[in-house]
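S.K.: Add 115 to a position in the sequence shown, counting from 1, and you land on the number used in the working numbering.
Check each hint, because a few of them may be wrong.
Computed cross-link-like contacts, EDC-like style, restricted to lysine to aspartate or glutamate with a CA-CA straight-line distance of at most 16 Å [unchecked claim]: (1) Lys-151 <-> Glu-171; (2) Lys-144 <-> Asp-122; (3) Lys-174 <-> Glu-132; (4) Lys-140 <-> Asp-150; (5) Lys-157 <-> Asp-134; (6) Lys-157 <-> Asp-122; (7) Lys-174 <-> Asp-134; (8) Lys-151 <-> Glu-132; (9) Lys-158 <-> Asp-137; (10) Lys-174 <-> Asp-122; (11) Lys-157 <-> Asp-137; (12) Lys-151 <-> Asp-122.
I should point out that these hints are in silico values taken from the structure, not numbers from a laboratory.
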Amino acid sequence: MEALTSDYKTPLQLAAELDFTDGTKLLLKHGAVVDKISNSSKKTALFYAVEYLQPEIVKQLLAAGA
């Protein structure tokens, strides 16, 4: 679940960045680490969701404890 992409993002960070609302929900349901910081950019999934204007994902992440 916490595998990294080639640019060192977690699946949750990538889902937040790309507006994969259902994917974000699924990852959170199965225990994705909400506050994991990206090795390369030093950003969390919440930061990506805010940066890329994903309000539904912001709500999901905050509800999950981000």
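S.K.: Take the hints in turn and mark each one as holding or not.
M.R.: To see whether the hints hold, each was checked on the structure:
The suggested pairing of Lys-151 with Glu-171 is violated, with an alpha-carbon distance near 19 Å, which exceeds 16 Å. Between Lys-144 and Asp-122, the direct Cα distance comes to roughly 24 Å. Violation of the 16 Å bound is thereby established for this hinted pair. Only pairs whose Cα atoms come within 16 Å are accepted, and Lys-174 paired with Glu-132 is accepted, the gap being roughly 14 Å. Taking the CA atoms of Lys-140 and Asp-150, the gap is about 15 Å. The hint holds against a cut of 16 Å.
Of the supplied pair hints, the one linking Lys-157 and Asp-134 is violated, its CA atoms being roughly 19 Å apart against a limit of 16 Å. Between Lys-157 and Asp-122 the CA atoms are separated by roughly 12 Å; this keeps the pair inside 16 Å, and the hint holds. For the given pair, Lys-174 sits about 12 Å from Asp-134 by alpha-carbon distance, which is consistent with the 16 Å threshold. About 14 Å separates the Cα atoms of Lys-151 and Glu-132, which keeps this hinted pair within 16 Å; it holds.
Distance check on the hinted pair: Lys-158 and Asp-137 sit about 21 Å apart at the alpha-carbon level, beyond 16 Å; violated. Pair hint Lys-174 plus Asp-122 does not hold up; C-alpha atoms about 25 Å apart against a cutoff of 16 Å. For the hint pairing Lys-157 with Asp-137, the CA-to-CA distance comes to about 24 Å; that exceeds 16 Å, so the pair is violated. As the CA atoms of Lys-151 and Asp-122 are separated by approximately 14 Å, the hinted pair is consistent with the 16 Å bound.
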